[in-house]
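So you can see what is in the structure, the chains are spelled out below.
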Amino acid sequence: MAFPHRPDAPELPDFSMLKRLARDQLIYLLEQQHEVDKLYKVENKPALSSNEQLCFLVRPRIKNMRYIANLVNADKLAGRTRKYKVIFSPQKFYACEMVLEEEGIYGDVSCDEWAFSLLPLDVDLLSMELPEFFRDYFLEGDQRWTNTVAQALHLLSTLYGSFLNCYGVGRCARMSYELWRKLEEEEDSETKGRKPEIGHIFLLDRDMDFVTALCSQVVYEGLVDDTFRIKCGSVDFGPEVTSSDKSLKVLLNTEDKVFNEIRNEHFSNVFGFLSQKARNLQAQYDRRRGMDIKQMKNFVSQELKGLKQEHRLLSLHIGACESIMKKKTKQDFQELIKTEHALLEGFNIRESTNYIEEHIDRQVSPIESLRLMCLLSITENGLIPKDYRSLKTQYLQSYGPEHLLTFSNLRRAGLLTEQAPGDTLTAVESKVSKLVTDKAAGKITDAFSSLAKRSNFRAISKKLNLIPRVDGEYDLKVPRDMAYVFSGAYVPLSCRIIEQVLERRSWQGLDEVVRLLNCSEFAFTDMTKEDKTSSESLRLILVVFLGGCTFSEISALRFLGKEKGYRFIFLTTAITNSARLMEAMSEVKV
Amino acid sequence: MDCYTANWNPLGDSAFYRKYELYSMDWDLKEELRDCLVAAAPYGGPIALLRNPWRKEKAASVRPVLEIYSASGMPLASLLWKSGPVVSLGWSAEEELLCVQEDGAVLVYGLHGDFRRHFSMGNEVLQNRVLDARIFHTEFGSGVAILTGAHRFTLSANVGDLKLRRMPEVPGLQSAPSCWTTLCQDRVAHILLAVGPDLYLLDHATCSAVTPPGLAPGVSSFLQMAVSFTYRHLALFTDTGYIWMGTASLKEKLCEFNCNIRAPPKQMVWCSRPRSKERAVVVAWERLMMVVGDAPESIQFVLDEDSYLVPELDGVRIFSRSTHEFLHEVPVASEEIFKIASMAPGALLLEAQKEYEKESQKADEYLREIQELGQLTQAVQQCIEAAGHEHRPDMQKSLLRAASFGKCFLDRFPPDSFVHMCQDLRVLNAVRDYHIGIPLTYSQYKQLTIQVLLDRLVLRRLYPLAIQICEYLRLPEVQGVSRILAHWACYKVQQKDVSDEDVARAINQKLGDTPGVSYSDIAARAYGCGRTELAIKLLEYEPRSGEQVPLLLKMKRSKLALSKAIESGDTDLGEQSLVFTVLLHLKNELNRGDFFMTLRNQPMALSLYRQFCKHQELETLKDLYNQDDNHQELGSFHIQASYAPGERIEGRVAALQTAADAFYKAKNEFAAKATEDQMRLLRLQRRLEDELGGQFLDLSLHDTVTTLILSGHNKRAEQLARDFRIPDKRLWWLKLTALADLEDWEELEKFSKSKKSPIGYLPFVEICMKQHNKYEAKKYASRVGPEQKVKALLLVGDVAQAADVAIEHRNEAELSLVLSHCTGATDGATADKIQRARAQAQKK
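Taken in order, these protein sequences are the chains called E and C.
With UniProt numbering applied, the first sequence covers 1 to 590.
With UniProt numbering applied, the second sequence covers 1 to 844.
Keep in mind the hints are simulated off the structure, nothing from the lab.
Among these hints, one or two may not hold up.
Unchecked claim - Pairwise CB distance ranges (calculated):
#1 C:Leu710 x E:Gly107: 51 to 59 Å
#2 C:Gly646 x E:Leu248: 35 to 43 Å
#3 E:Val364 x C:Lys755: 23 to 31 Å
What the hints assert, rightly or not - Heads up, simulated DSS-like pairs for lysine-lysine below, C-alpha to C-alpha not over 30 Å straight-line:
#4 E:Lys338 x C:Lys673
#5 C:Lys791 x E:Lys327
#6 E:Lys83 x C:Lys163
#7 E:Lys326 x C:Lys729
#8 E:Lys182 x C:Lys750
#9 E:Lys182 x E:Lys257
#10 E:Lys231 x C:Lys791
#11 C:Lys729 x E:Lys327
#12 E:Lys338 x C:Lys537
#13 C:Lys729 x E:Lys386
#14 E:Lys92 x C:Lys556
#15 E:Lys386 x C:Lys537
#16 C:Lys587 x E:Lys63
#17 C:Lys791 x E:Lys326
#18 C:Lys778 x E:Lys327
#19 C:Lys778 x E:Lys338
#20 E:Lys338 x C:Lys587
#21 E:Lys328 x C:Lys729
#22 E:Lys92 x C:Lys673
#23 C:Lys622 x E:Lys92
#24 C:Lys537 x E:Lys182
#25 E:Lys386 x C:Lys774
#26 C:Lys665 x C:Lys729
#27 C:Lys665 x E:Lys386
#28 E:Lys386 x C:Lys756
#29 C:Lys163 x E:Lys386
#30 C:Lys778 x E:Lys92
From the three backbone atoms N, C-alpha and C, an ideal C-beta is built for every residue, glycine too.
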């Protein structure tokens, strides 16, 4: 379903401008400034180029600096002089310059910045392509990237007009927002006169909702990402998909007509859709028969190319589906999904814990096991001490002792924690909240959350009604709500928050939820009084995910947009999924 | 109005020159002007005087006094000259006084006699001494040209960005040139010099002889040369009393004049107006001044006193002991209006307005006359323009009144020109005031721009006037009032007799939150004056905390700087670089302990620094954790170290031991135990490698056991499992998988019978099927417990039996599962059977 938008849905802004801007700047930097003629990938091996000048286009990471420093110093030893240029993207960090200085090559290189921070992956999706943001901010406490986010927002507001209503939740959201405001104030009010195209902006920290990101994705685009890993909007389909001996790189966006129709679909519908499509296609081919020469000429010159293209795409996606099916059935996917749903709903915890233990014992996959452990921990407000120990021990025995460090990371990030003794009251608490009024429950919850930073998932889930009551079968073909992205079992928390705030145009009445999210200080609203703008722009909403978002979330919000006549635009630091999240937290052997 | 043109002097047929008094000077000059080095800045700038004791053979024991006056003769500064002999004085475009000393050093003073800096014109100049020097202005700034004792020229086109250029030698030059000047063509400075009857032009590389076209014969020497304000024209005065006037490129002659005075003139300057066709040169001797141009007659003035000429953009200023006058060509508009018996529309309009005031009907006649000719617009414009060129306010008023009167009879006359002229004249009259003493003409003011004028007022510390002008002209705050207030504040902090408190308060009161004012700049100035405390107080007012940091660092208030830098983190963009800068400073400034203590109170900085250390300075990181008693992180650190590449096994075990100790201290017994297990495992793996060969190091425990089983060391595997207390479930899974991998079905069966399986028998079926051994799988399917029986049977492909079991269980879910496995014709019967069973169940 290529969500046919309501006829009154607003037009999307033209993001190709961003691409052009970035391209022109890069071309300028490379040609005008540095006269670059050939590009190499920065890898940890000596550069073989014999050119007089080397130009590095890098992320501002210390590792990259050391690579450059080694190279320059090696040249120096060999008595070779060349010119070195480092172009940082999206911006230069002082620490990098400091490393260059400490390595004694600061004088030998000249630095530049390529302020390319927004890559339009699709008509409604902008990515900053900063996967490191997640670890840097949420684990290491490094706040430098917030600056980049603010700059990106500034660029958007300069190009497409200032945002009228701003909402956000999370510490990083607030910081980025304030930085951005500061930037806007410093700049002359030239943009103020522009008619804003984007009505609302919503900033959300990833740590507000780890649960959604940790779930297995069952929407087609999410599944493709989980299975094949989509990189910068394109995916490498291996020989098993292309049914030839070559891999094929395929761009996945709205341009791909077939993909566009199935990307937001629950996987169970995709096969049916594709076969229907195949039949239609065949029918179109079949029209050839009984054509006279002239009609045939027309057919060949006008339709055939399109049909062939569609045919090619269709066979690719069918191949991808088969491949996904094969992989998923092998790992007993149904069992896995069942466990996940049990965790989300909070029943049969013991059984789920056993399942996870078996998962570890069988060495199914280190990342998958870790993901399940985290999901258990977050939904249950931490593991009970006995499980915490035994699961970790099992994990270390299965996947290697170095993961001791991984556990330390996960604990720091709040992804895998141990229930504090007081937390055993959780069960009581949830019972109490059923009995007494909401207000009293809030107070009790407050008292608990003061003990430790906790996810409070169960309480939030109840408050926001994340687990839909199912009467009979959930018809995945005709979704009722956003829960369809998780087979009707769970409405993504992040999307629900956005839905609620947009509905109320503020956080009013959500105090409870905000408190449960442990971020009373970091939820904000900023509205412009005057309602002079067209109602069209007010229904265009920019959602900013700090720390990454999943395709499931995007699909869910696209669905919401269709229902309510909104158009969502997504800005994320990177596209993420459960595996990327876990890998970011893993300590791999050096 | 006849008397109004009394001071007009005609030169030729087409032009008038007039001279009027700007100020009567009551400066109390101790010396005659002729005994002094004199420098007057253009655009009504200040005048500097330095009695020149070095020229005469008088006793040099008396130190001369350097005096600076405003153009109206108000003393601005007076100081004893303590340095070496001065050859020449001159003002730069920024109104800084450049004093060129004999040794080539140039001392720079401010308007108020404050010493700014000095620079040298190079070694060559130092050796050969300075014979003569000129300060000249180009579009880049102000330049200095020097003639040395060796008759060579050195020049710098911009003293702000000092680049010395030594000009090429003039061949055969034995004595000093009789006269010389700097020219500026195509943005390059040249020197034109006269030696006897010859003229030479020097540029950076070459020296070329030049001849002015149409020069009268019989010239044996040039006595004086003058170049116009815009470097476009050149005048030469020869020893025959002949004056040649032409373009500075020496390509074209404009006119010539013979004044029959052979004595060398004291000064010769151009007097012309921009966009005027008239060219005239003012030549001054001791007691005579002459204006000569393209006319057979000249205008002559007698000089009563020692006078000094200052060329301006649109005329010449002449000052002496008692007066300060301005001589210029009468502008066209004024000429049209005031010329005797003029019938120009402007003149008629002025007349009409006068008659109107007298309530005479003539007013109407005049007005009609203009209107009939359709020249009223032109008349108004003329009056407005002429008003601009009048010095006396009463004349300005009467002309503007006439313009305003004429405007009444015009339908759509745009008011801008009138309004702007009124505003400009108010500003001009204000700055021309005696107390201010900047006698700018309208043309000069337009050339200078209001911004520069404001700068000059600020330079003279005339802050209130400058602010009034800004407010009057409604200039945007950032370029207007705020800028001036900031300047005022910078001046204020230099008042050492006022206490820090008072200064800070006074500044904050006046400046408040005026946009565009940078408190940090003011604070920097205060620090420059040695007032650190004041600087810190002022910084408190700086709203952008990031701006405070660099100065705080400079003042060695690093800790304060750090907290400010971090504070700015939420708001300022320079945040991370700032924090880093401060950290680096602190690191160098404090000893390690103090540094770490400081960091501890700043979690943001700490995390930044940690990240940096992680990549750059591992040892520091360890010290940091040590200092903090952060045993958890310390443990992690050592674990990380145990994986360092190239580390030997002993080293790794040692690192792990340290880590375990740290974990115990951190009360993290789990991690400590896990680490100890890892140590044991490492040692064991090492032994296994030694004894059995193969690769064991760095395998997980599970993989180690699996490897042992796969290589047939079952005993060892058992031992290991016991030692490390591997749970039964895991062991069963492990063995099952390993044996199946080995396809050792016999052993597997033995194993399955060794005791009751803790993981049931379904996994056995699964694993066998995975190895495609249906035969073995079936063996175990029979042993699977009832709940999983259906699944197991389906796995081995026995649909019919599965259906039987499901029916027996009367389990709806199992029935559907079996049904979904029924494919095609072969299982048709089974499917029917299930449907029947279902129907039966429903009946009941």
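Evaluation of the provided hints:
The hinted window of 51 to 59 Å between Leu710 of chain C and Gly107 of chain E holds, with their beta carbons roughly 57 Å apart. Checking the proposed 35 to 43 Å range against Gly646 of chain C and Leu248 of chain E shows it holds: the Cβ atoms sit about 41 Å from each other. Distance hint check for Val364 of chain E and Lys755 of chain C: the Cβ-Cβ separation is about 25 Å, which falls inside the suggested range of 23 to 31 Å. Pair hint Lys338 of chain E plus Lys673 of chain C does not hold up; C-alpha atoms about 34 Å apart against a cutoff of 30 Å.
Restraint check for Lys791 of chain C and Lys327 of chain E: satisfied, since their Cα atoms lie roughly 20 Å apart, inside the 30 Å limit. The hinted pair formed by Lys83 of chain E and Lys163 of chain C meets the criterion: a straight-line CA distance of about 28 Å does not exceed 30 Å. At most 30 Å may separate the alpha-carbon atoms for a hinted pair to count; Lys326 of chain E and Lys729 of chain C meet this at roughly 28 Å. Restraint check for Lys182 of chain E and Lys750 of chain C: the C-alpha separation of about 74 Å exceeds 30 Å, so the hint is violated.
Of the supplied pair hints, the one linking Lys182 of chain E and Lys257 of chain E is violated, its CA atoms being roughly 42 Å apart against a limit of 30 Å. At most 30 Å may separate the alpha-carbon atoms for a hinted pair to count; Lys231 of chain E and Lys791 of chain C exceed this at roughly 39 Å. Using a Cα cut-off of 30 Å, the hinted pair Lys729 of chain C and Lys327 of chain E holds, with the two alpha carbons roughly 26 Å apart. The suggested pairing of Lys338 of chain E with Lys537 of chain C is violated, with an alpha-carbon distance near 65 Å, which exceeds 30 Å.
Restraint check for Lys729 of chain C and Lys386 of chain E: satisfied, since their Cα atoms lie roughly 17 Å apart, inside the 30 Å limit. Between Lys92 of chain E and Lys556 of chain C, the direct Cα distance comes to roughly 27 Å. Compliance with the 30 Å bound is thereby established for this hinted pair. Among the hinted pairs, Lys386 of chain E with Lys537 of chain C is inconsistent with the structure: their alpha-carbon atoms are about 58 Å apart, more than 30 Å. Our distance criterion of 30 Å between C-alpha atoms is met by Lys587 of chain C and Lys63 of chain E, whose separation comes to about 22 Å.
Straight-line distance between C-alpha atoms of Lys791 of chain C and Lys326 of chain E comes to about 19 Å, which keeps the hinted pair within the 30 Å bound. A distance of roughly 25 Å separates the Cα atoms of Lys778 of chain C and Lys327 of chain E; the hinted pair therefore holds under the 30 Å criterion. With a CA separation close to 28 Å, the supplied pair Lys778 of chain C and Lys338 of chain E stays within the 30 Å bound. Between Lys338 of chain E and Lys587 of chain C, the direct Cα distance comes to roughly 55 Å. Violation of the 30 Å bound is thereby established for this hinted pair.
In summary, the hint linking Lys328 of chain E to Lys729 of chain C is supported, as the alpha carbons are separated by about 25 Å, within the 30 Å threshold. Restraint check for Lys92 of chain E and Lys673 of chain C: not satisfied, since their Cα atoms lie roughly 43 Å apart, outside the 30 Å limit. A C-alpha spacing of about 28 Å is found between Lys622 of chain C and Lys92 of chain E, which places the hinted pair at or below 30 Å, so the restraint holds. In summary, the hint linking Lys537 of chain C to Lys182 of chain E is supported, as the alpha carbons are separated by about 24 Å, within the 30 Å threshold.
Distance check on the hinted pair: Lys386 of chain E and Lys774 of chain C sit about 40 Å apart at the alpha-carbon level, beyond 30 Å; violated. Annotation: proposed proximity of Lys665 of chain C to Lys729 of chain C is violated, straight-line Cα distance about 33 Å (limit 30 Å). Among the hinted pairs, Lys665 of chain C with Lys386 of chain E is consistent with the structure: their alpha-carbon atoms are about 22 Å apart, no more than 30 Å. A threshold of 30 Å between alpha carbons decides the hint, and for Lys386 of chain E with Lys756 of chain C the separation of about 26 Å falls inside it, so the pair holds.
Proximity of Lys163 of chain C to Lys386 of chain E is assessed by CA-CA distance (about 79 Å); at most 30 Å being required, the pair is judged violated. A C-alpha spacing of about 65 Å is found between Lys778 of chain C and Lys92 of chain E, which places the hinted pair above 30 Å, so the restraint is violated.
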